[in-house]
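**Q** What follows is each chain in one-letter form.
2 protein chains.
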Amino acid sequence: MKIAVAVAGAGAMGSRVGLYLTQAGQDVVLLDDWQMHVDTVTEHGLKVNTLGETETYPVSIRNFKDYSVPVDLVIVLTKAMAAEEKIKQLMDQGVITEDTNVMSMMNGLGHGDLLRKYIADDKILLAVTMWPAGFNGPGEVTLEGTGNIEFGRIDGTVDNFVKELNDIFNEAKLNGKISDDIVTSIWNKALVNCCFNTYCAVTDKKIGEFGAYVHSDDMLIPLMKEIITVGEQKGAKLDFDATLNKFHAMYSPDVVGLHYPSMHHDIHNGRKTEVDFLTGRVAEYGREFGIPTPYCDILTHLVHQIEK
Amino acid sequence: MKIAVAVAGAGAMGSRVGLYLTQAGQDVVLLDDWQMHVDTVTEHGLKVNTLGETETYPVSIRNFKDYSVPVDLVIVLTKAMAAEEKIKQLMDQGVITEDTNVMSMMNGLGHGDLLRKYIADDKILLAVTMWPAGFNGPGEVTLEGTGNIEFGRIDGTVDNFVKELNDIFNEAKLNGKISDDIVTSIWNKALVNCCFNTYCAVTDKKIGEFGAYVHSDDMLIPLMKEIITVGEQKGAKLDFDATLNKFHAMYSPDVVGLHYPSMHHDIHNGRKTEVDFLTGRVAEYGREFGIPTPYCDILTHLVHQIEK
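In order, the protein sequence lines correspond to chains A and B.
Going by UniProt numbering, the first residue of the first sequence is number 1, and it counts up by one from there.
Going by UniProt numbering, the first residue of the second sequence is number 1, and it counts up by one from there.
Don't take each hint at face value.
Intra- or inter-copy, both count: the list cannot distinguish identical chains.
[Claimed, not checked] Calculated cross-link-like contacts (lysine-lysine; reagent style DSBU-like; alpha-carbon spacing at most 35 angstroms): (1) 177 with 2; (2) 117 with 237; (3) 2 with 272; (4) 246 with 234; (5) 86 with 234; (6) 86 with 117; (7) 308 with 272; (8) 65 with 86; (9) 206 with 79; (10) 308 with 246; (11) 163 with 79; (12) 86 with 173.
Since the hints were made in silico from the structure, they are not lab data.
Okay, chain A solo, but in the shape it has when bound (with noise of 0.2 angstroms):
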């Protein structure tokens, strides 16, 4: 099956699914902000590193500004504090119609709660991806590694399009994988980057080295109990002991112990972070549960202080 597809925002991760769909035969257009990554690209295509080699390849892109197609699919892949914006504009400029699937592939949380305000629950999918990519600057990724992209209806209904997406996913060699509950998926990648995106960012340290802090358990455990309690009530089914086992074997050297996360490289490059879609909202959502939530308050303010 042929589906047209937008990817907004055609970054590291969107440029390797828009690339890899591309590839295997659907419509596909990028679409981004970057007017130089937007020409770069036109001109003379994506150049792709991975392990030491260059390869260039053709994939279709565009302004946001300058694409007014229907599609039949979008994928939002925006940094998280611009996707509001951005899905109004597709719907403005009529990419976005009732017949449209919308797909959050973004980290963090919030995201469904999001494109329900503008989206109906049957056009809505949510999506956890674990590949990796890198963005080198205008018109330049590097794509290594190996990952998979799991994904489900908001509402958990799996219907024909979930089931052809998934099919299309595969093809594409995306790995798709439909998820029985998608909300917890989001909920356990987010409990990952909330503990360790925004620690490691505020003592500027590699998962591994905040791992050798003798009490790291003591400013884990409190927080990750925040984050379970509040997720529960927003459905997702978290368990502690498993997290916990998951951190302590991500010190390792051999896993992703010598790594800084996202985060850390957003404060040093000097970007805004997404603090506000990670620790921000479970503190937001705690608010509205009346449930306390004092480290993520307070790693959030932290974060926040340290941006540039």
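Take the given structure of chain A and dock chain B to it, following the hints.
**A** Same frame as chain A, but now just chain B:
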């Protein structure tokens, strides 16, 4: 009146107090562990910088291990983490006898509880000092500005020794003041240090920069409330509104807005901080009293994480 005084810890503040008492005719010895500092002061006197001028003054100084003369008063101005060991050493060596008054002039919380392990209440004095002082290296300090020493017995008694010591401090131009509630004064000073030392160290900001963050009150208020709640259990009378007003006034460049608190200097000079005697001690007392202290807990851990 003339008394024999040992100043335990010949850093910046110990040097200031010891020098002024010496110049006022008291029988003073400075004690320190750093032999190079002891030798330099012994050979050349204490070099004092004031507003660009340098003068050198003779003061008596010994290595802790080389002193065993009983004194009337020991003023404890070591690093907080060294205080217990030094008190025991001075008792073992006969410097502290049953007749010796022992005064903690250190920053932070818990020094009274420590002294009570070894010294009778009617020989314990607690002090808060606002004198600034800077240590430049072996044998050399910077002494500028002005200040005072507020002090009193741990049990509130104003006996003859307290009155005489106040006269001695005033003759020495140290601006003595007998406190009518030294416990409250100590907690009031600790409240400032708990809030600004930790936050400015973790965020790498000056006091005014910290205050410029639009939600800085949301960081301070819950932390202040924890400290005030615990402090009240320890007998301190703390005023939330007055403290918050004082904090806001501190942001001004005319007050201390352009300064980094001392913990920031410790972090950047690779020294261990005194956080365990500030938020760490509040958290410890909180556990004793069953008062939750999530802000003190996490700030203490964050400071330890960023200590080299």
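**Q** Take the hints in turn and mark each one as holding or not.
**A** Results for each hint:
Taking the shortest alpha-carbon separations for residue 177 and residue 2, only the intra-copy value of 19 angstroms comes in at or below 35 angstroms, while the best inter-copy value is 85 angstroms. In the homo-oligomer, the alpha carbons of residue 117 and residue 237 lie at most 35 angstroms apart inside one protomer (24 angstroms), although the nearest pairing across protomers, at 50 angstroms, exceeds that limit. In the homo-oligomer, the alpha carbons of residue 2 and residue 272 never lie at most 35 angstroms apart, since the shortest distance is 37 angstroms inside one protomer and 63 angstroms across protomers. In this homomeric assembly, residue 246 and residue 234 come within 35 angstroms of each other (Cα to Cα) only inside a single copy, at 22 angstroms, whereas the closest approach across copies is 41 angstroms.
For the homomeric pair residue 86 and residue 234, the shortest alpha-carbon distance inside one copy (25 angstroms) is at most 35 angstroms, but the shortest distance between copies (55 angstroms) is not. For a Cα distance limit of 35 angstroms, the shortest separation of residue 86 from residue 117 inside one copy, 13 angstroms, qualifies, whereas the shortest one across copies, 66 angstroms, does not. Taking the shortest alpha-carbon separations for residue 308 and residue 272, both the intra-copy value of 7 angstroms and the inter-copy value of 27 angstroms come in at or below 35 angstroms. Taking the closest pair of Cα atoms, residue 65 and residue 86 come within 35 angstroms of each other only inside a single copy of the chain (10 angstroms); across copies the shortest separation is 72 angstroms, beyond that limit.
Taking the closest pair of Cα atoms, residue 206 and residue 79 come within 35 angstroms of each other both inside a single copy (23 angstroms) and across two copies (31 angstroms). In this homomeric assembly, residue 308 and residue 246 come within 35 angstroms of each other (Cα to Cα) both inside a single copy, at 32 angstroms, and across copies, at 27 angstroms. In this assembly of identical chains, the alpha carbons of residue 163 and residue 79 lie at most 35 angstroms apart only when taken from the same copy (27 angstroms versus 67 angstroms across copies). For a Cα distance limit of 35 angstroms, the shortest separation of residue 86 from residue 173 inside one copy, 27 angstroms, qualifies, whereas the shortest one across copies, 68 angstroms, does not.
This entry does not satisfy hint 3, going by the numbered hints stated previously; all others are met.
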